[in-house]
Each structure stands twice: as structure tokens, then as C-alpha cells.
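Single-letter residue listing:
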Amino acid sequence: MGEVIVITSGKGGVGKTTTTANIGTGLAVSGKKVVLVDTDIGLRNLDVVMGLENRIVYDLVDVVEKTCRLKQALIKDKRYDGLYLLPAAQTRDKNSVKPEQMIELCDELRQEFDYIIIDCPAGIEQGFKNAIAGADRAIVVTTPEVSAVRDADRIIGLLESQEIRNPRLIVNRVRADMVKRGDMMSIEDIVDILAIGLIGVVPDDEQIIISTNKGEPAVTDNKSMAGQAYRNITKRIMGEDVPLMDLNTSDGFLSKMKRLFGIKPA
Amino acid sequence: MEQEIKGIVFKGNSEGLIIVIPENYDFEQALEEIERKVTSASRFFKGARMKVAYRGQKLTPEQEEAVKAILDEKSGAIIESFARDEEPVREHISHQNNNTHKVPVRGPFFTGIDEGSCKFIRSTVRNGVRIEYNGNVVVLGDVNPGAEIVASGNVIVLGILRGMVHAGADGNKDAFIYALNLKPTQIRIAEAIARMPEDEESAHGICPEMATVKDGVIIVEQM
Ligand SMILES: Nc1ncnc2c1ncn2[C@@H]1O[C@H](COP(=O)(O)OP(=O)(O)OP(=O)(O)O)[C@@H](O)[C@H]1O
Ligand SMILES: [Mg+2]
Numbered sequence: 008m009g010e011v012i013v014i015t016s017g018k019g020g021v022g023k024t025t026t027t028a029n030i031g032t033g034l035a036v037s038g039k040k041v042v043l044v045d046t047d048i049g050l051r052n053l054d055v056v057m058g059l060e061n062r063i064v065y066d067l068v069d070v071v072e073k074t075c076r077l078k079q080a081l082i083k084d085k086r087y088d089g090l091y092l093l094p095a096a097q098t099r100d101k102n103s104v105k106p107e108q109m110i111e112l113c114d115e116l117r118q119e120f121d122y123i124i125i126d127c128p129a130g131i132e133q134g135f136k137n138a139i140a141g142a143d144r145a146i147v148v149t150t151p152e153v154s155a156v157r158d159a160d161r162i163i164g165l166l167e168s169q170e171i172r173n174p175r176l177i178v179n180r181v182r183a184d185m186v187k188r189g190d191m192m193s194i195e196d197i198v199d200i201l202a203i204g205l206i207g208v209v210p211d212d213e214q215i216i217i218s219t220n221k222g223e224p225a226v227t228d229n230k231s232m233a234g235q236a237y238r239n240i241t242k243r244i245m246g247e248d249v250p251l252m253d254l255n256t257s258d259g260f261l262s263k264m265k266r267l268f269g270i271k272p273a
Numbered sequence: 091m092e093q094e095i096k097g098i099v100f101k102g103n104s105e106g107l108i109i110v111i112p113e114n115y116d117f118e119q120a121l122e123e124i125e126r127k128v129t130s131a132s133r134f135f136k137g138a139r140m141k142v143a144y145r146g147q148k149l150t151p152e153q154e155e156a157v158k159a160i161l162d163e164k165s166g167a168i169i170e171s172f173a174r175d176e177e178p179v180r181e182h183i184s185h186q187n188n189n190t191h192k193v194p195v196r197g198p199f200f201t202g203i204d205e206g207s208c209k210f211i212r213s214t215v216r217n218g219v220r221i222e223y224n225g226n227v228v229v230l231g232d233v234n235p236g237a238e239i240v241a242s243g244n245v246i247v248l249g250i251l252r253g254m255v256h257a258g259a260d261g262n263k264d265a266f267i268y269a270l271n272l273k274p275t276q277i278r279i280a281e282a283i284a285r286m287p288e289d290e291e292s293a294h295g296i297c298p299e300m301a302t303v304k305d306g307v308i309i310v311e312q313m
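Protein chains in written order, with this note's numbering: chain S, 8 to 273; chain C, 91 to 313.
Worth flagging that the hints you see were computed from the coordinates, not collected in a lab. It is possible that part of the hints are untrue.
Calculated cross-link-like contacts (lysine to aspartate or glutamate; reagent style EDC-like; alpha-carbon spacing at most 16 Å) [said to hold, decoys possible]: (1) C:273 <-> S:199; (2) C:273 <-> C:311; (3) S:187 <-> S:152; (4) C:164 <-> C:123; (5) S:39 <-> S:84; (6) C:273 <-> S:196.
Just chain C, with the same shape it has in the complex (with noise of 0.2 Å):
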């Protein structure tokens, strides 16, 4: 529990990443906890251009050659920069109270996850086409390459999910996205972003899988 309240934390952004490390953190663990992090996500980030971002401690020049260099080495990415980023570390203080989620991104977002609206999509959604709700979205088919499904609340794909999935589009990070096959172009929720690997095998037929964000980080489970 220790570890948890202050640990390592990554967020996804439109830029890239940020990575929060808490005032006073043992550098060696910080550095450590990244490189675990990077590698169980470097799916998400293999082949991907992005600026990543810390917040929190202040690091020395040496320290953060040091960060960027295992971000080089174990995310697959191309990491175009790592710097700090000024903004005001509010994800700090709420971390302590080890609710990172609950916070506000954009002011209120939609909550109603658990039990709320709900639109019904009884197609396949195609190339060109955008639906935006505000609630959940389940949709009786597949989603193309080239649709978009934006939702303030979860999205759940009866079908392949091949285009691209935007979930607690206004902030909710505990939003889901749920496909019986998942292989989209990309998915988001609330701010994190994250995009399938190209060269990756991607099974056939039904192999539910359910993404959600961990740390500020999208993650992808069988279910």
C-alpha cells in the first residue's frame, strides 16, 4: 500500500506521457518503477512519436538523460523529449489520498458508468462516420477503420473494434471500452491515449477484451 500512495504514476496525454514522481522520491526506485512501467506498456507505445513530460520532483540534467534513456530503450516509441512540465502538480496531491480518478479533468464529466444513459447502435459503424453521446455507447456490430465513437461514458463494441474508440471522452477515467475483438486504430480514455502495435498478431473471431486506465495509463485485459 506503501508503494502505491507513492509511487510512480503515468498519464496519458495528446502529447505523449507524463510521468509523476513524488517530491522526495529515491531516484534509484523512481527510475526503477519507470522502467517496470514502460516495459508491461510498451504494446501501447511500440512505434509511437511522443513528448513525455515529468511532474513532481525536480531531477538534475544527469537524471533525467537517465530516464530518457530507458524510455529510448524499453517503450519502442521514439521519444522526441523529456522535460518537466511547469503546470501545477494537482495529480500530486490528490495521489496522496490514492484517488488519482477522481479527480476533475475538465470540470464534471459524466458518471453514470455504473448505470446511466445508453445509446444503442444496432450496425456495423463505417468508415466516415462520428457518433458522439453523452453516456454509454453499445454497438451491435463492428466499428470500422476511419469511425469514430465518442462517448462520455463506456463503449462497448459487439463486434471488432477496428476504428477508433474515445471512452469518458470528458474526463472520466474509469470509463471502459469492451470489444469481443480488439484491434483498433486507436483507443482513448479521458485523457490517456494509446494505439495498437502494428506488427501485432491479432487473433480471430471472439477474444473479448476490456481496456481501461491504470495509472494513467490505458490498459488491455482478456476477458
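Looking at chain S on its own, in the form it has when it is part of the complex (with noise of 0.2 Å):
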């Protein structure tokens, strides 16, 4: 039985898409089953960012009103095996679906697949009670700004109360060297405010922009910053153990993640 994440952030643009695109693309890699929800119904993109907007025939809108099977709207992504990609509808809204739909998708897909990892759209209304209904585990996105930062634990908070719990974090867009001039909040300071477990840290790269124009996710190119850094994640969600990246942040903090997971509680 597959597992179902979701990777959710509250604010927008914070890199939701980029993150689902690599993931999904590093578990396959790793040769997982893997497919990719996107519900960000009218402003869909996961299908760009993956290079496979010209494949596009059925989406989940007709899937959950059932105008085709559920097979027949699932596009494979040829360059890796076992990778596939459910597209959102463009021309449609985020009321088009119920959660109820949602939940029945995920135990299809759960048949199918190791992971189906789920793009949700920016937000706290319909599409993201949408994107969260039928989650098993949850990813919240940040980046190190004070806003994105209070809209990711507004979302912790949404999750907890529907029963999605210890969700991880991701810290995305970090840039070392404004942090170490105090001009960047720290992960430190992050992970002491959310006070949820962190399984990543994607520093602010170019390669991500020029990867995301050509379709092609960042986590398969060997000499991106943040394509290791995803690749590391990739690992922690099939359970190893992989330290963090050495992005030249505040030293202790590691030390200081186990004291706070130490005393505070859960």
C-alpha cells in the first residue's frame, strides 16, 4: 500500500511545485512508483514545471466526475520509469472537486502506487482542504521570511486539527550568505517558531530557474546545490538517515533541534 504526501506551504510561491517535481522525480529515480497530483485546479503548473504540458489529455476533474478512467488521465513521464503525473484542470475551479472525491482518488491510487505525492495549491480554502483530504503525511514548504513563515504554522495548525500529524518541514530558497550577515532569518529561528521535525534545507539556486524552464527537475542534475539537496530529501522520505547539507548556516543548530524536540512537546 502506497502512502500519500502532500506538500503544502499556505503562502504562494514558496516552491510547492519545484518540490513535488523533484521528489516525485528523486523517488523515481530511486525506483519507486510514483505518481504526482496536482490540485491546484486553474492554475495548474506541476505538468510545466515536469516538461509534460503537450501530453495532456483528461485531468482530475474528469477523473473525480468520472468522464474517463482513472488510467486513461494518468500521463507517464517516459524519461523514468515508474513516474507518473495526474494533471489539474485549467479551465475549471478548486470547487469542481470535494474532499470526499479526494479521499477516493488517494485509495485508488494507494493500490497503485509507492507515493503519491500531491501539489497543493496556496491557501487555506477549498483546494487545499481538497489537496489534504486523503494525505497520509504531510511536507510544509517555508521560506525564510517572516510571512511565509506564519502562514506555514497557520497550516501546521490546520493539519493537526485534521489529524495530519508531525508534519516536516522544508526550508526552501536559503540563502547562506544573507543569513550569516543577519539579513535571512535562520533555520534555527524557523524550526524554534514551528517546532516540527525538519527533513530539508534547499538553498536559493539559479539551476532551479533553468531546470524549470526545460522540464527537467534539478534533483536529476549532479552539479545543482539544490538537486542534492532534494536528492537528500528523497532519502528521508524512504526512511535513511542522511545528514544535513552543510550550507555553512549557524553552526549548533543541529544540537539545538534536539533540544527543542527534547523538551517541547509534540
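Dock chain to chain to rebuild the complex, using the hints, since each chain is given by itself in its own frame.
Structure (C-alpha cells):
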């Protein structure tokens, strides 16, 4: 039975879609059977980031409305064995799908796949509710900005109230130089506020923009720092214990995390 | 004691600050006391915008100017106005009995702050969550920015208080707020409101502090 992981954030534009594409591809490269589900109805772009846009025939709304069978809507990524995409509808809105339908869909996908990675839209409205409805686990993405961290905190509370416990945190677009100068929130500060486990830190990397435009996730690029960070996150999702990459952020932050999880209620 | 009974009283309200000046009080002395109080509380006023009203003794326009000048200079706040508040001076009467804090603000309030019902929250209170309770509240975790706790009794945070807490919310000025690390967006006790100055370097880790109301103003003491 597969595992459904939702990638969410609250604030828009912090890297949910980028994360979904990279983690999904990373898992597929590691030999897992993976489907990426784009729930950002009306603003889909996971297909573009994956370079699969021109192959869309049916979409998520067609599946839940039973216009087509699930198998017909799944787009196979020819570059990686075992990687599929279920695209969002572009000409419908978020209310075209109900949480119960998402739960049903996730249950069906669990039979087929090892991992079901759901790309959540920004916000806390219907689209968010749909995206998390069938999820077993959640990964919350934030950037080192006060507003993004605030929104992440709100999202973690909402996940907890939906019984999605112990979400994991990705801090994206970190710039070690800025953190050092004190111009950017440190990982330590962010983890301190959000009080959840960190699953990865992704540096701000122009390679992401290049790879996004090419429709080729950075995780397959051995020269990309962000790609390395996503490879590590992929391994951690599969249960491997990989040390955090050194972005020369503040030194003592692993020991700080221990202290944090040691004394704080979960 | 004499001084205490007759002295100037500061009260916070939702608009800002009310200064109670007893009738027939020596103006020079009043001015001196206002300066002293405002200086010692400037930590909370800094950067705020507030309307200041006064009750009790009627001041001449020149005297009003003099008080406003001191507030402008010493509080660090932007004083939008300083004018006489025409409400009946109940505080003044009770003040003579030296028990200002026992005057009910809005009818009977929760009195179980030494012993009374208590709600325990066993997790971090996150952004977007509001907890309202008629009694005392203990949080075993942090209170994050965007979270609100409104209790008619005391609020104790065994973690970092970064959000908004209102203790004694239905009028008990004896209620307190305690946190292992106090850096709130804003705290309120009964009708008094305080916010932290933005530029203050706050301590990391555990540094317990308690906020109470004294002379109508919220003060914070290290424990
Ligand atoms: N680590 C990174 N380094 C540099 N650029 C990045 C990084 N992560 C994301 N970006 C860029 O930020 C932009 C937003 O990313 P993305 O579309 O993944 O965010 P999102 O959270 O899915 O947005 P939305 O809320 O609109 O769905 C994109 O242009 C992407 O290329
Ligand atoms: Mg997106």
C-alpha cells in the first residue's frame, strides 16, 4: 500500500510545485512507483515544470467526475520508469472537486503506487482542503521570510486539526550569505517557531529556474546544489538517515533541534 | 503612603491611556509624577500611537500643553491627542480607599485567580487559533504570532509567548501573565494594553517574566 504525501505551504510561490516535481522524480529515480497529483485547479503548472504539458488529455476533474477512467488520465513520464502525473484541470475551479472525492482517488492510487505526491495550491480554502483530504503525511514548505513562516504555522495548525500529525518542514531558497549577515532568518529561528521536524534545507539556486524552464527537475542534475538537497530529502522520505547538507548556516543547529524536540510537547 | 493615596494614576484602555489627576493636586508635583511614570513605562509605549485622556482635576490649556509636551518627549509614543475625559471619575473615589484595582470595570468579573478553574493546553498554540476560557489558562508550549488567548483569569505560558494574550479579560486587574520567554505581539490585562517595542533585543531561551497591572499600566518583572 502506497503512502500519500501532500506538499503544502499556505503562502504562494514558496516552492511547492518545485518540491513536488523534484521529490517525485527523485523517488522514481530511486526505483519507486510514483504519481504526482496537481490539485492546483485553474492554476496548474506541475505539468509545465515536469515538461509534460503537451501530453495532457484528461485531468483530475475528469477523473473525479468519471468522464474518464483513472488510467486514461495518468501521464507516464517517459524519462523515468514508474513516474506518472495526474494533471489539474485548467479551465475549472477549486470547487469542482470535493474532499470525499479526493479521499476516494487517493485510496485508488494507493493500490497502484508506492508514493502519491500531492501538489497543493496556496491558501487555506477549498483547494487546500481537497489537497490534504486523502493525505497520510504532509511536508510543509516555507522560505526564510517572516510572512511565509507565519503562514506555515497556520497550515501546521490546520493539518493537526485534520489529524495529519507530525508534518515535516522544508526551508527553501536559503541563502547562506544572507543568513550569515543577519539579513535572513536562520533555520534555527524558523524551526524554533514552527516546532516541527526538519526534513531538508534547499538553497536558493538559479539552477532551479533553468531546470524549471527546461521541464527537467534539478534533482537529476548532479551539479546543482538544490538538486543535491532534493536527493537528500528523497532519501529521508524513504527512511534513510542522511545528515543535513552544510550550507554553512549557524553551526549548532542540529544540537538545537535535539534540545527543541527534547523539551517541547509534540 | 500619603503619596500613594493621593498620587497620579495611569490607566490603559483600548484607545490608549487615561491619566487620573486628583482634585486640588499640586500641578508641579503632578507634572513630575507623570514624567516619572511615563519614563518608567516607555518600554511599552515606544513607537505606539495613542490618545491620552485625563480625569479628575481640570487643567488650564497651558497646563494641558505642558503635560502633552512631557508625554511627547518621554513616552517615545506618538501622542495623537491629550484632552479631558468627561466620564464620571469613579476611579478617583475608589482611589481614596487605596484599592483602585478592586473596582469592577464591567460588572462582576472572574475572581478565581488564586484558586479557580483552569484550562490546560498541551501543545503549541499556532497562528490563527483563538482560545477563549472563563478561568485561568496554562499553555504547555509556545503561543505563536497570530494566536490569541483570552482568559478571564491568569495566563501562564510554559514556552515562548509571541502572540496575543489577554488576561483578566472581563475586568480583573489582578490577573497576571507569565511566560518562560515573553516577546508578545501584544498583551492585555483587564483594560490595560501593552505592546513590545519593536527594536528591543529579546532574550533567547528561558527567561521567565511576569506581567501585572500597576497603577493602570502593565509592568513586566523578571522572575
Ligand atoms: N530553491 C530555489 N531556488 C531558486 N528559485 C526557486 C527555488 N525554489 C523555487 N524557485 C522558484 O520560485 C518560483 C515559485 O516556485 P513554485 O512554483 O514551485 O512555488 P509554488 O509554491 O508552487 O507556487 P504557487 O503557490 O503559485 O503554486 C518559481 O519560479 C521557481 O522556479
Ligand atoms: Mg504551485
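Comparing the hints with the structure gives:
With a C-alpha separation of about 14 Å, the suggested pairing of residue 273 of chain C with residue 199 of chain S holds against the 16 Å cut-off. Using a Cα cut-off of 16 Å, the hinted pair residue 273 of chain C and residue 311 of chain C holds, with the two alpha carbons roughly 13 Å apart. As the CA atoms of residue 187 of chain S and residue 152 of chain S are separated by approximately 15 Å, the hinted pair is consistent with the 16 Å bound. Distance hint between residue 164 of chain C and residue 123 of chain C is fulfilled; the C-alpha atoms sit about 12 Å from each other, no more than 16 Å.
With a CA separation close to 13 Å, the supplied pair residue 39 of chain S and residue 84 of chain S stays within the 16 Å bound. With a C-alpha separation of about 14 Å, the suggested pair residue 273 of chain C and residue 196 of chain S falls inside the 16 Å cut-off, and the hint holds.
The earlier numbered hints are all upheld by this structure, with none contradicted.
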